[in-house]
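Novice: Single-letter residue listing:
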Amino acid sequence: MRLRFEQGVTYTVLLLFCAVAVAPLLGILVVALGGGAHFDNFVGAWNAGDLGTGLRNSVVITTTVVVASAVLSVLSGYALGTMRFRGDTLIFAVFLIGVVMPFEAPIVPLYYDLRAFGLTDSYWGVILPDTALSVAFGTFWMRAFFLSTPVSLIEAARIDGASSRATLQHILLPLARPHLLTLMVLVFMWTWNDFLLSLVMLSNPSIQTLPLKLAVFQGRYVTDVSSLASGAVIVMLPVVLVYIILQRHFMRGALSGALKL
Amino acid sequence: MPSSLDRPPVSPPPGRAIRGSPDLPPPGAPRRIGYVYVLPALLVYGTFAVVPLLHAGWLSFFSWDGVSAPTWVGAENYQQLVADPQLQGAFLHSLVLIVFYSLLPVAIGLLLAASLSRLPIRGLTVFRTILFLPQVIPMVALAVVWRLIYAPDGPLNQILGTLGLGSLGHPWLGDFVWALPAIGAVGTWVMYGLAMVLFLAGIQKIPSSLYDAARVDGAGPLREFFAVTLPGLRNEIVVALVLTMVAALRNFDLVYVMTRGGPGNATDVPALEVYIRAFQVGDVGSAAAVGTTLAVIIFALVIVVQRLVEERLT
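Chains A and B, in that order, give the protein sequences. Residues 1 to 261 (the numbering used here) make up the first sequence, in order. Residues 1 to 314 (the numbering used here) make up the second sequence, in order.
In case anyone wonders, no lab produced these hints; they're calculated from the structure. A virtual CB, placed ideally from N, CA and C, is assigned to each residue, including glycine. Take these hints with a grain of salt, some might be off.
Facing chain A, from chain B, some residues (calculated, C-beta under 8 Å) [what the hints assert, rightly or not]:
(1) Arg31
(2) Leu119
(3) Ile276
(4) Val281
(5) Ala300
(6) Val304
(7) Leu308
Stretches of chain A that chain B covers, calculated by requiring three or more beta carbons in the stretch to come under 8 Å of a beta carbon on chain B [what the hints assert, rightly or not]:
(8) 24 to 34
(9) 89 to 99
FRET-style restraints, in silico, Cβ to Cβ [claimed, not checked]:
(10) Arg32/B x Arg177/A: 27 to 37 Å
(11) Thr12/A x Val216/B: 24 to 34 Å
(12) Gly52/A x Gln88/B: 19 to 29 Å
(13) Glu155/A x Ser209/B: 32 to 42 Å
(14) Val20/A x Pro120/B: 15 to 25 Å
(15) Val20/A x Leu119/B: 16 to 26 Å
Could you put the whole structure together from the sequences, leaning on the hints where they help?
Specialist: If you want it as structure tokens, here you go:
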């Protein structure tokens, strides 16, 4: 009896908090759809907010950051996880700083320095700093994987005469795939959702990202509730879809990424 | 050409050292090629993260409008940090937000942990996916959603009216008293799922024998919670506290989109001050000082908490 009662309490609490979590999101979807299954509001928001341009820019920036930081993180994680060289602990410690570094401090000089090189108001103004921070976490993340691979595996490859590059490419990388995918999913989410960096770096409307477009749009159409709701849904949709498909990776990244602290 | 021809002889005969031959030391031994692999990542990270961070610290000792030549002012920007009521307000608001972003979600998460039965939960994946959902959505979109909810004729006031509590209605984000808690409540809504997911994972690692023992000892649900669940979740609680506190301290997107720090300075936060000072009013040195202070607070927080966790582990 006691167990059944307790189980009832468990499900009630879980259901209640799940309902609170999704209610605002479902509500916004209903408002966006305008009470029916027509998509006029979406078309209106898409055109008025120039969200197509935002989507294109977000895709370009996010793809570049995800690919670049994955490649760089695999290489540095491989070195720090399987090799020993002078200064390796120091280098790793420097990377660790980036894992918790808040961007609010470096962004101030970063803007003025990048502007001096003509890199603000270009994709690079966002791609380079975003990659830099992602690489800090990525190095940490991939190093943990390479540390967990059995030393005997690497030794066997070396005895067979495999170069360090061949060992990485043919033996370790195939094993690293799930780990690497989790990293890419996390970097995708961080880059896609970034606001402050885009706000500071991108003032030219033709290269602004999707979240930035939404903020501009909401500043201009404060009272147009259904258009705003549609705009918000459009901005949420890509990341929610990826989340639902790759849910396991988000969760694993969030849980073990969190425990890194 | 068969690739085996490229390979050096397999394991040299014992006792015969091959000097100058390409027999590499085993992994773990010093290998200079490691630098080649680390260098690209280190260059990008150093140039676009570490150097700017140090540069921010340097800039914080100057008065600079972003255009003319900077002048050295020593610690003046930091003295201003203590003396300027606007900046004090911004950091004070961060403390209030910590209650909403961090303490409330952890309390809610613990409530869930306390109410969990020892039986396996069906559909756990679905529950976790839903609870975690607000975490993955861009803050800007959530800010737009909640701005609509808090609007004077928005759903929140309508619901209060329907319940006959219309007198409790407010223009939430335009109200000097209610604007900050209203933003904080969004933080609670975003973060409690994170705390719950962390605790759900943690509670499964607590050996059920501990619960059995507590029950044999005749412990009620309350004692069971304080004697078994709470200590067993200590690690997860600490992690949840750090993650949510850092998010509270860094809060920018929500405030920028929902209130721009208003009404008056009622919802001003440090990150917003950095943005305004650096890019709108041209007080770059002061912005750098606020940003550096924020970074130091966050680094200190993480280090202290990490020590706490390690102490427990050893």
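Novice: Decide, hint by hint, whether the structure agrees.
Specialist: Now for the hints, and whether the structure bears them out:
1. Arg31: It holds, given that the least Cβ distance between arginine 31/B and chain A is near 4 Å, below 8 Å.
2. Leu119: Holds, about 5 Å.
3. Ile276: Status violated, d = 12 Å.
4. Val281: violated, 13 Å
5. Ala300: violated, 11 Å
6. Val304: Not OK, violated: valine 304/B not within 8 Å of chain A, min 11 Å.
7. Leu308: With a closest approach of 11 Å, the leucine 308/B hint is violated.
8. 24 to 34: Holds, because 5 residues of the stretch 24 to 34 of chain A bring their Cβ atoms closer than 8 Å to Cβ atoms of chain B.
9. 89 to 99: With 5 residues close enough to chain B, the hint holds.
10. Arg32/B x Arg177/A: 27 to 37 Å: Since arginine 32/B and arginine 177/A have Cβ atoms about 28 Å apart, the given range 27 to 37 Å holds.
11. Thr12/A x Val216/B: 24 to 34 Å: 27 Å Cβ-Cβ, so the 24 to 34 Å window holds.
12. Gly52/A x Gln88/B: 19 to 29 Å: violated, 44 Å
13. Glu155/A x Ser209/B: 32 to 42 Å: With Cβ atoms ~41 Å apart, the hint holds.
14. Val20/A x Pro120/B: 15 to 25 Å: With Cβ atoms ~24 Å apart, the hint holds.
15. Val20/A x Leu119/B: 16 to 26 Å: Once the Cβ atoms are compared, 24 Å apart, the range 16 to 26 Å for leucine 119/B and valine 20/A holds.
Of the hints listed earlier, those the structure fails to meet are numbers 3, 4, 5, 6, 7, 12, in rising order.
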